[in-house]
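Taken in sequence, the protein lines are chains A and B. Going by my numbering, the first sequence opens with residue 1, and the numbers climb by one from there. Going by my numbering, the second sequence opens with residue 1, and the numbers climb by one from there.
Misleading hints may appear alongside valid ones.
[To be verified] The list that follows gives simulated cross-link-like pairs (lysine-lysine, DSSO-like), each with its CA atoms no further than 30 Å apart: (1) Lys-50(A) <-> Lys-181(B); (2) Lys-630(B) <-> Lys-50(A); (3) Lys-192(B) <-> Lys-55(B).
[As the list claims (entries may be wrong)] Here chain A is said to cover these stretches of chain B; the calculated rule only asks that three of the stretch's residues, wherever they fall, bring their Cβ under 8 Å from a Cβ of chain A: (4) 77–89; (5) 139–151; (6) 227–235; (7) 246–253.
[Said to hold, decoys possible] Distance ranges between label pairs, derived from CB positions: (8) Lys-31(A) <-> Asn-330(B): 53 to 59 Å; (9) Asn-100(A) <-> Gly-405(B): 28 to 34 Å; (10) Arg-65(A) <-> Gly-82(B): 24 to 30 Å; (11) Thr-68(A) <-> Asp-416(B): 57 to 63 Å; (12) Gly-82(B) <-> Ala-8(A): 53 to 59 Å; (13) Leu-31(B) <-> Ser-94(A): 48 to 54 Å; (14) Ser-94(A) <-> Pro-672(B): 29 to 35 Å; (15) Glu-156(B) <-> Thr-68(A): 30 to 36 Å; (16) Ser-94(A) <-> Ile-379(B): 43 to 49 Å; (17) Gly-18(A) <-> Ser-68(B): 53 to 59 Å; (18) Lys-382(B) <-> Arg-65(A): 29 to 35 Å; (19) Gly-430(B) <-> Ser-94(A): 52 to 58 Å.
Hints listed in this document are in silico derivations from the structure and should not be mistaken for laboratory results. Ideal Cβ positions, reconstructed from N, Cα and C, are used throughout, including at glycine.
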Amino acid sequence: MEINISTAGEVTVVEITGEIEASAAAQIQEKVLALIKPSLKLLMDMTEVKFMSSAGLRLLLLLYRQVTGQGGQMVLVGLSEEIQDTMSATGFLSFFTIQNTVDAGLGMLNQ
Amino acid sequence: MMEQRIDVHPTHEYQGYKLRPGRPMPFGATLVPGGVNFSIYSSYATACTLVLFEKGAPQPMIEIPFPSEFRIGNVYAMVVFGLDYENTEYGYRMDGPYNPREGHRFDKTKILLDPYAKAIGGRDVWGQTPNWDDIYQHRARLVYDDFDWESDHPLETPIEDLIIYEMHVRSFTRHPSSHAKHPGTFAAMRDKIPYLKELGVNCVELLPVYEFDEFENSRWNPITNQMSYQYWGYGTVGFFAPKAGFAATGKLGMQVDEFKALIKELHRNEIEVMLDVVFNHTAEGNENGPYISFRGIDNKVYYMLTPEGYYFNFSGTGNTLNCNNPVVRNMVLDCLRYWASEYHIDGFRFDLAAILGRDQNGAPLANPPLLENLAADPILAKCKLIAEAWDAGGLYQVGSFPAYGRWAEWNGKFRDAMRRFLKGDEGMVGEVAQRVQGSPDLYAGRGPTASINFFTAHDGFTLNDLVSYNEKHNEANGENNNDGANDNNSWNCGWEGPTDDPWINALRRRQMKNAVTMLIASQGVPMILMGDEVARTQSGNNNTYCHDNELNWFDWTQVETNAEQLRFFKNCFAFRRAHPVLRSRTHFRNQDYVGSGYADISWHGLKAWEADWSKDSRLLAFLLCGKHAKGGTANDDYIYVAMNMHWESQWLELPRLPAGMQWHVAINTGVPCPEDIWEPGSEPLLSDQSSFLIGDRSVIMLVGR
Numbered sequence: 001m002e003i004n005i006s007t008a009g010e011v012t013v014v015e016i017t018g019e020i021e022a023s024a025a026a027q028i029q030e031k032v033l034a035l036i037k038p039s040l041k042l043l044m045d046m047t048e049v050k051f052m053s054s055a056g057l058r059l060l061l062l063l064y065r066q067v068t069g070q071g072g073q074m075v076l077v078g079l080s081e082e083i084q085d086t087m088s089a090t091g092f093l094s095f096f097t098i099q100n101t102v103d104a105g106l107g108m109l110n111q
Numbered sequence: 001m002m003e004q005r006i007d008v009h010p011t012h013e014y015q016g017y018k019l020r021p022g023r024p025m026p027f028g029a030t031l032v033p034g035g036v037n038f039s040i041y042s043s044y045a046t047a048c049t050l051v052l053f054e055k056g057a058p059q060p061m062i063e064i065p066f067p068s069e070f071r072i073g074n075v076y077a078m079v080v081f082g083l084d085y086e087n088t089e090y091g092y093r094m095d096g097p098y099n100p101r102e103g104h105r106f107d108k109t110k111i112l113l114d115p116y117a118k119a120i121g122g123r124d125v126w127g128q129t130p131n132w133d134d135i136y137q138h139r140a141r142l143v144y145d146d147f148d149w150e151s152d153h154p155l156e157t158p159i160e161d162l163i164i165y166e167m168h169v170r171s172f173t174r175h176p177s178s179h180a181k182h183p184g185t186f187a188a189m190r191d192k193i194p195y196l197k198e199l200g201v202n203c204v205e206l207l208p209v210y211e212f213d214e215f216e217n218s219r220w221n222p223i224t225n226q227m228s229y230q231y232w233g234y235g236t237v238g239f240f241a242p243k244a245g246f247a248a249t250g251k252l253g254m255q256v257d258e259f260k261a262l263i264k265e266l267h268r269n270e271i272e273v274m275l276d277v278v279f280n281h282t283a284e285g286n287e288n289g290p291y292i293s294f295r296g297i298d299n300k301v302y303y304m305l306t307p308e309g310y311y312f313n314f315s316g317t318g319n320t321l322n323c324n325n326p327v328v329r330n331m332v333l334d335c336l337r338y339w340a341s342e343y344h345i346d347g348f349r350f351d352l353a354a355i356l357g358r359d360q361n362g363a364p365l366a367n368p369p370l371l372e373n374l375a376a377d378p379i380l381a382k383c384k385l386i387a388e389a390w391d392a393g394g395l396y397q398v399g400s401f402p403a404y405g406r407w408a409e410w411n412g413k414f415r416d417a418m419r420r421f422l423k424g425d426e427g428m429v430g431e432v433a434q435r436v437q438g439s440p441d442l443y444a445g446r447g448p449t450a451s452i453n454f455f456t457a458h459d460g461f462t463l464n465d466l467v468s469y470n471e472k473h474n475e476a477n478g479e480n481n482n483d484g485a486n487d488n489n490s491w492n493c494g495w496e497g498p499t500d501d502p503w504i505n506a507l508r509r510r511q512m513k514n515a516v517t518m519l520i521a522s523q524g525v526p527m528i529l530m531g532d533e534v535a536r537t538q539s540g541n542n543n544t545y546c547h548d549n550e551l552n553w554f555d556w557t558q559v560e561t562n563a564e565q566l567r568f569f570k571n572c573f574a575f576r577r578a579h580p581v582l583r584s585r586t587h588f589r590n591q592d593y594v595g596s597g598y599a600d601i602s603w604h605g606l607k608a609w610e611a612d613w614s615k616d617s618r619l620l621a622f623l624l625c626g627k628h629a630k631g632g633t634a635n636d637d638y639i640y641v642a643m644n645m646h647w648e649s650q651w652l653e654l655p656r657l658p659a660g661m662q663w664h665v666a667i668n669t670g671v672p673c674p675e676d677i678w679e680p681g682s683e684p685l686l687s688d689q690s691s692f693l694i695g696d697r698s699v700i701m702l703v704g705r
């Protein structure tokens, strides 16, 4: 699993590649929590995420809570159909703002 | 508060695994900082070993004996550090005496499932053939128990306001016509919530959703040319785990979240969730059955045994759980508290509940500690507790189940009496008068809310089959039609099974409408069987426990083909919801106690104010005075119900209403759709206010306002 952090204007983009299970989730959590500041605009690019476990679902919700708790916004981009399906079935999907592409995500955050 | 606890560091090591003595509470496997706390108890074991597997692996990765200092009383507790929560399965070996006569069957060669397992692997996808060589078939897993319920909580809908829909999770959406993305699952059921909401039911009672083995007693069935399964689920493997095979995400191990998400959404739509719980037996069978869990952990404690050490069989399935043993009592309590608090379950229906009132030798108790505990428990205090108040050992307790002021019962006498009345039996009007009042003959002092009224349930005919068959036809079960009840009190309306005869089919439709009308007109709590609202048929099979096919699956095309039936049911439920006089918590006094000039209930026949109680009578009518609604605390319309189960139409003299009020017709099963039922508020005024021609085998409901 790889984490790539960059910026696009005001938006912090976190790109994840690979599988997110418990230990990967812990690593991502550590890295991303360090970035959180008030009114953060965060784009999680999940296009290259092949698989997400329960730990991964919880990680996303935790990050979402931290970001929005400090007045920021978070968008999930590029979730595969399978992962969206899983998130829907387990009741996790409805918490999030979802976009299909990074450009659409950036557009939404930059409004 | 300190960030870090002072008791989360290892104190022992075993073959590279770091350990420390665990804490007995809570029982089961609990995630703690850095590790997992495992806790299991056994009264008679002499030693215990924790067995850990990588998920799905054929052999364990390590077996860790509990050191003697890791035991408090009879509880073995250990924390193991550094485990991958999502990739670990665990089990136990218990050592102890093997002396069946004394009740002990310890076998340390078996790996046993934790009774408190919160999730179980091994049957992750329904119907997928297991690896029969697996040394550990049903494998306990670890769960994240955090779930964001947001503001969800049990609904606490007053029981008298419930309309219960008894259903099987898989059957509901497995049929291809459901167009579900994941047929037969919790997730698919969530997508059908709008259907349930529109139908107007506000409570779903789910056939067993805890982990059971569909392959228990499974066999190839040459009659159906398919596998026969343990389909209904009355054979528990794990009391604390939702069935993975009922989850779309079961193969990912996310069944806990998926089931909770379903409950949250049902609650958001004001639909309660009740679980059918099976504490009377387990899937381990008798001495010839497999070692899954209890047999190897504490056989003498968990099972009712004969003096020779054989298994009592009050359940008819091979074994009987020893529910009034103090240890087992606690487990049952822990289990129900777990579902109520962690899953926000609104109520429980106890299968073969008479067993819960038997002592450890099988004798019925006057004051069963378990039932008393459940009735008084603080966490369960607002849960509905419903007993199927009989068992397979001859203990029939409808009306006498130890209730402690809390328990309700499946009223088998309502079912039997109303079925007999429906088919035109003589001599029934006296008993019918009791049943429509919420059975005061059985439940005086408890109120109608003790009575769960039903014509149909999963055991027995569907409503359609009740009016289409005189005899059961269970040949497809492969038991020579010997299984299933014989006392169905059904009537085929003139032909056995499907027919083209329009008169017979019209009568069958009318009889089904008669049944549901009488059901919602009765005090007590109405329950229907999934599919009755679209005239679902099981082709006369009254015991479809083993069929994973169209016999059990809800066919969504019938929503269109039987739209008339669905419309009728919807409007019946809407009528009941609109009229509090039908939903009283207290029994009628058959008196005027508010000064309206009318008794709370009065009885009528062909002539107003004069019912015919004779043996030949097949017609009964009653009038509910709206001013007596809810024990005189609410105001409602006056409601007149007439039930004519005679083969001829009759002229009824209608009772006179108070000045200023007039009769409107809400339901008349004797006329064709769309005039058979009217939406509440749109009921047409009767042109003739003093008499009414009620059709043969028809039921009418009039509203006076």
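- Compare the structure with the hints numbered earlier in the document and write down the numbers of the violated ones, lowest to highest. 2, 3, 6, 8, 9, 12, 13, 14, 16, 17
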